[in-house]
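Top line first, the protein sequences correspond to chains A and B.
Residues in the first sequence are numbered from 1 upward in steps of one, following this note's numbering.
Residues in the second sequence are numbered from 1001 upward in steps of one, following this note's numbering.
In short, the hints are calculated from the structure, not lab data.
Heads up, the beta-carbon is just placed ideally off N, CA and C, and yes, glycines get one too.
Treat the hints with caution; some may be incorrect.
Claimed, not checked - Some, not all, of what chain A presents toward chain B, calculated at C-beta under 10 Å:
| id | residue |
| --- | --- |
| 1 | Q10 |
| 2 | L12 |
| 3 | G13 |
| 4 | K14 |
| 5 | P17 |
| 6 | R112 |
| 7 | A115 |
| 8 | P117 |
| 9 | P123 |
| 10 | D167 |
| 11 | L169 |
| 12 | K240 |
| 13 | L292 |
| 14 | R295 |
| 15 | K296 |
Said to hold, decoys possible - Capping the alpha-carbon separation at 30 Å, the derived lysine-lysine pairs in DSS-like fashion look like this:
| id | chain 1 | residue 1 | chain 2 | residue 2 |
| --- | --- | --- | --- | --- |
| 16 | B | K1108 | A | K35 |
| 17 | B | K1158 | B | K1108 |
| 18 | A | K298 | A | K198 |
| 19 | B | K1108 | B | K1090 |
| 20 | B | K1158 | A | K35 |
| 21 | A | K198 | B | K1158 |
| 22 | B | K1031 | B | K1227 |
| 23 | B | K1227 | B | K1258 |
| 24 | B | K1108 | B | K1227 |
| 25 | A | K37 | A | K298 |
| 26 | A | K9 | B | K1108 |
| 27 | B | K1203 | A | K9 |
| 28 | B | K1203 | A | K14 |
| 29 | B | K1279 | A | K296 |
| 30 | A | K9 | B | K1158 |
| 31 | A | K296 | B | K1108 |
| 32 | B | K1308 | B | K1258 |
| 33 | A | K35 | A | K296 |
| 34 | B | K1090 | B | K1158 |
| 35 | B | K1258 | B | K1279 |
| 36 | A | K9 | B | K1090 |
| 37 | B | K1227 | A | K198 |
| 38 | A | K240 | A | K35 |
| 39 | B | K1227 | A | K298 |
| 40 | A | K198 | A | K14 |
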Amino acid sequence: MAVYEHTYKQYLGKLTPEWSRFLVIPRHAFRDVFKSKLFTAFFVVCFIPLLIEAILVYLHHNVNALAILKVDVRQLVPIDAFFFQTFVNLQGTFAFFVTLLVGPPLVARDLRNNALPLYLCRPFSRTEYVLGKMSVLLILLSAITWVPQLLLFLFQSYLEGASWFVDNLSIASAIFIGSVVWILLLALLSQAVSALVKWRVIASAALLGIFFIPSVFGEVTNQIFLTRWGNIISLGALIKNVTAGLFGTFVRASGHVTAWDGRVGREIILNEPPLWASWSALFVVCAICLALLSRKVKAYEVVK
Amino acid sequence: MALAEPVQEQASLKNPANFAPVIDLNDLCVKFGGRPILQNLRGELRGRAIGLLGPNGAGKTTLIHTLLGFHSPSSGTAHIFGQDITTDAKQIRSLVGYMPERDSYIAKMSAVRFVRLMAELSGLPSEAALERAHEALFYVGLGEARYRSLDTYSLGMKQLAKLAQAIVHGPRLIFLDEPTNGLDPPARQRMIRLVREIRDSGKANIVLSSHLLRDVEECCEEILILKDGRLAVYCNLEEERKSNRKFLLLETRGDQNKFAEAIGALGCEYAVTGEHRVKVVLQGGTEVRDIYRIASEYDVQIRRLSYKRDSLEDIFLKAMENGHGGL
Chain A
1 MAVYEHTYKQ YLGKLTPEWS RFLVIPRHAF RDVFKSKLFT AFFVVCFIPL LIEAILVYLH
61 HNVNALAILK VDVRQLVPID AFFFQTFVNL QGTFAFFVTL LVGPPLVARD LRNNALPLYL
121 CRPFSRTEYV LGKMSVLLIL LSAITWVPQL LLFLFQSYLE GASWFVDNLS IASAIFIGSV
181 VWILLLALLS QAVSALVKWR VIASAALLGI FFIPSVFGEV TNQIFLTRWG NIISLGALIK
241 NVTAGLFGTF VRASGHVTAW DGRVGREIIL NEPPLWASWS ALFVVCAICL ALLSRKVKAY
301 EVVK
Chain B
1001 MALAEPVQEQ ASLKNPANFA PVIDLNDLCV KFGGRPILQN LRGELRGRAI GLLGPNGAGK
1061 TTLIHTLLGF HSPSSGTAHI FGQDITTDAK QIRSLVGYMP ERDSYIAKMS AVRFVRLMAE
1121 LSGLPSEAAL ERAHEALFYV GLGEARYRSL DTYSLGMKQL AKLAQAIVHG PRLIFLDEPT
1181 NGLDPPARQR MIRLVREIRD SGKANIVLSS HLLRDVEECC EEILILKDGR LAVYCNLEEE
1241 RKSNRKFLLL ETRGDQNKFA EAIGALGCEY AVTGEHRVKV VLQGGTEVRD IYRIASEYDV
1301 QIRRLSYKRD SLEDIFLKAM ENGHGGL
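This is chain B alone, in the form it adopts within the complex:
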C-alpha cells in the first residue's frame, strides 16, 4: 500500500503553523435553533495546557465540539495552529486528539483492538497502529487489561481507554472533556499525573475542560472561564504565579467601609468581601504599619491579618459574580 507523506514533515518547524497560537478565537458565535450558545468568543491561547472552566451549561463542551468541527459557527471563526476550523476541518482533525466527556467506546471490542482501530482511522498503518495501541495502553496504565473487552471495564478504566485512543496517534493538541468525571481519588490523581506528564513532555498542547477547579489549577497554565456562552475571564495562571501578586486578608470589627475607603485613599486596591472581611493589595510604599495606623484612626480592630494569593477559586467566583467582562 502506498503511503502518504510523513507527519513529521507536516509538523516541521518550517511550517508557519507551528508559530501560530494554539487556538485563536475570532468572535466565535454558535447558535442552536436560533438560541445563542457561544457568543463573541475572542482571544489567543498559546499555553501548553489550557483550561476551560465554567458552570454546567456554560458552553465548554460546545466550544470543544465547534473547534473539532462538529458544529458550525453561526458567525466568526477560530483557528487551531493557524488553520481555520470551517475550511480546514480535516487538517485540524489530523492534528488533534479528543477524549469525550460521555462514555464512548465500541462494544464487544478489546481495548487493544479499539485503540488500534482508532489509530488506523487516524491514518497509521496497521502494524504501527497495533504497536502504538499497546504503547498507549501501557502508558495510561491499562497494559495488563488491554486484551479485556471494553464492556467489562470499570468507569475509571473506560476513562483511561478514552485517553489512550486520544493520544494513540500522537496528536499535537489534545482535547480532554471532563477527564476526571466519575473517578475515585486515586484514579483522579493518576489521570492528572498523566495529563501533566503529557503537558511537560512539550510534544502536545492540552485543552482541558472541567468544572472541577482543582483539576484545572493542577494542570493548566491558561484559563478561559465561560459563563452563559460568553468569555467571563481569561487568566494566565502561569503569569499570575510568576508575578507573585499577594494580597492581605483582614478580619475586622468596626466601621470597615470607612476603613476600606481610607486604605483606598493610600492608593491600594481593596475589596470588601464580607461583613468583617477586607482584601487589600498593597502598592509600592505602603506598608502593613500604615494599615494598622488607619485602623487605629477609625477605631477598627484588626482581629486577623494574613497574606494570601488569588486562588483559581477566587478568580472563578469573581467571574461568576461579575458576569460578563472579566475581573
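Next up, chain A with everything else stripped away, as it sits in the complex:
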C-alpha cells in the first residue's frame, strides 16, 4: 500500500505488546489537551502552590535565607503531617478543576460520533478503552498531586536527614494513597458522567453538580438534625475525612452545638461519620461509576 505503489499491502512488521496499547489513547489526548493555551496556562498555575511548598521546606533549612528575610524559623509553618496534608488538599482542588476541563469530553466525544465500534473492532477491549481514557486524567492529575508531593517529601527528608525520613514514612504513604484515591474518584466520576451525557458543557455541569449539590443537601441535613452524618453524601467531606485519617489528623468530634429545650441548654458534640463509613461510601461511588461505564461503553447499544 505504498504511496507510490497504490496497491493493498498487508502489514508484516512487528506489533507493540498488547498491555501497552491503552497508552496510545492518553498520548493522542495530550496533544489535544495542550493545544489549548488557556489550559496549558492553568496547568502551569497548578504548580505554584508546590513551588511555595518547596520554598517553605527550603527556608526551614537555610539559615542564610532566613537571616536575609529576617524571619525566625519558629514563625514558619512546621513541616509535619498537617503541612503536607494542607498541600495535598490544595492540590486536590486544582485536580478537580483540571478534571472539569479535561474529563467530560473524553468518552462523550466518542459516543457522540459513534467512534466506539472503531476502537472495539480492534484487539482492544472495553476495559483497555476505559483504562486508556482514565489514564489521560490519572497521568495529568498525578503530575500535579502525588508525584511532586512525594518529591518534596524526599527533598525534606534529604535536608532533614535519614531519621526524619524513617520516622515520617507514614506521611509519604498518606500523600500517595490520599492523592490516588482522590484522582481515581475524579477520573471514574468524570468518565461515568462523560459516558452518560454526550454534550461536553452539560457533562461539566453535571460533574460540578455531583460534587456541590450533595454537599449542600448534606449540610442542610447536618443543620436540621444536629449531626455530621450528612457529610456521608458529600464527596468533598468524604475525601477530606479519608485524607485526614491517612495523615493521622482525623478527629471524629468536629464541633459542638447547644440545643435549647425551653430555657435548658444541652451541649451536643457533632461527630463526623467514622472512617470506615467514609471509605465505604467512596467504594460505593466508585462501584456505581464502574457499573455505569460497563453499561455505556459498548460498541453498540441494544435498544430493547
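Place chain B on chain A using the hints.
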C-alpha cells in the same frame, strides 16, 4: 519498547487457520431481549469477496457485529479463519478490519491522525502507524485532504476515511457495512473499484454487506441472502457464472399453463413468471424448435424469445418470495 512477534508469523502458511474457511457459521443464533434476530445460520464461506444481502432489518449488520464479537450468540457459534468468535474474539479482531455503516470518526482530528491512532490501537508501532496512515489515505484517494479535520469532510470523504482506517493495519478480512451508502455515482464507482482492487490483490478477504444488489454483484463471488434473520439463499455467483446456465424467457399469448406443463413434460425446468411470461431452462436434447412445436400444438403464440441468465436481482427476488429455504 519491546515488540511482539511479527504478524507475518501469525499469518504463516504453516498456520492451519489459513486453510480454514473464511467464515464458518454453525447454527448461529442471536437474540435481543428474547427476540430472535439471527436464527440458525449455517454455512461455510471461502470466497475472496462475500456479499451479505437482504432487505433492511434482515440481520446483515447484526451478523457482522456478532462476528466481530460485539454481540454474543444466544446459541451456536461461528469461526473466522478457524477461530471461534466466542473464545478467540481478540485474536479474530487482530485479523479483521471493519468499516461501520454509520458515521463513525473521532471529532477534531485530522484524517491522518485518526487513521494513525486506529493503526496504533491495532498494534502498529507509532512510526509504522504514521507511515501506513499516509499510505492508506493516499490509497483511498484522500492523500491531498489528509491533514484536514474529519469534521470538515463530506459524506463521501468520511466513507473513504472509514475505509482507510479499516485497511490501515493490513487485515486479512475486511468487513464493509454498506460502504456505498450516501455516495454519489462517481464516489460509488471509486469505492467499488477500491473494493475490487483489494479483493483482486488476494491479500484480504472481504465481506460486503449491502442492500444494493449492483454493489454486491460487481464485487462479490459468494452471496448470502438473509431474510428475517434466516439464511434465505446461499449462492456462489462465481460458479453460477462459470456454469453459464442460461434460460429462455418467452413472452406468450394463449393458454400458457398447459404450454408450460407440456414443456415440463420434456424434462425442462420451467416457471410461469407473469401473465404472459414463461421461463424455461433447456435440458440436454431439447432444442428451441421443440418449444415452437409445442406452442403450435397448444395454439400458443410466442411473441418474443430471448436467452437470459439469472441475475442477482432474480435470485434475490426469488429468495424474498420463497421465504426460508432458498431456491
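Now for the hints, and whether the structure bears them out:
no.: 1; hint: Q10; result: holds (4 Å)
no.: 2; hint: L12; result: holds (4 Å)
no.: 3; hint: G13; result: holds (5 Å)
no.: 4; hint: K14; result: holds (4 Å)
no.: 5; hint: P17; result: holds (5 Å)
no.: 6; hint: R112; result: holds (7 Å)
no.: 7; hint: A115; result: holds (5 Å)
no.: 8; hint: P117; result: holds (5 Å)
no.: 9; hint: P123; result: holds (4 Å)
no.: 10; hint: D167; result: violated (40 Å)
no.: 11; hint: L169; result: violated (34 Å)
no.: 12; hint: K240; result: violated (36 Å)
no.: 13; hint: L292; result: violated (19 Å)
no.: 14; hint: R295; result: violated (15 Å)
no.: 15; hint: K296; result: violated (14 Å)
no.: 16; hint: B:K1108 - A:K35; result: holds (11 Å)
no.: 17; hint: B:K1158 - B:K1108; result: holds (13 Å)
no.: 18; hint: A:K298 - A:K198; result: holds (14 Å)
no.: 19; hint: B:K1108 - B:K1090; result: holds (29 Å)
no.: 20; hint: B:K1158 - A:K35; result: holds (24 Å)
no.: 21; hint: A:K198 - B:K1158; result: holds (21 Å)
no.: 22; hint: B:K1031 - B:K1227; result: holds (15 Å)
no.: 23; hint: B:K1227 - B:K1258; result: violated (33 Å)
no.: 24; hint: B:K1108 - B:K1227; result: violated (39 Å)
no.: 25; hint: A:K37 - A:K298; result: violated (33 Å)
no.: 26; hint: A:K9 - B:K1108; result: holds (29 Å)
no.: 27; hint: B:K1203 - A:K9; result: holds (7 Å)
no.: 28; hint: B:K1203 - A:K14; result: holds (18 Å)
no.: 29; hint: B:K1279 - A:K296; result: violated (54 Å)
no.: 30; hint: A:K9 - B:K1158; result: holds (22 Å)
no.: 31; hint: A:K296 - B:K1108; result: holds (22 Å)
no.: 32; hint: B:K1308 - B:K1258; result: holds (23 Å)
no.: 33; hint: A:K35 - A:K296; result: holds (28 Å)
no.: 34; hint: B:K1090 - B:K1158; result: holds (27 Å)
no.: 35; hint: B:K1258 - B:K1279; result: holds (14 Å)
no.: 36; hint: A:K9 - B:K1090; result: holds (22 Å)
no.: 37; hint: B:K1227 - A:K198; result: violated (35 Å)
no.: 38; hint: A:K240 - A:K35; result: violated (33 Å)
no.: 39; hint: B:K1227 - A:K298; result: holds (27 Å)
no.: 40; hint: A:K198 - A:K14; result: violated (37 Å)
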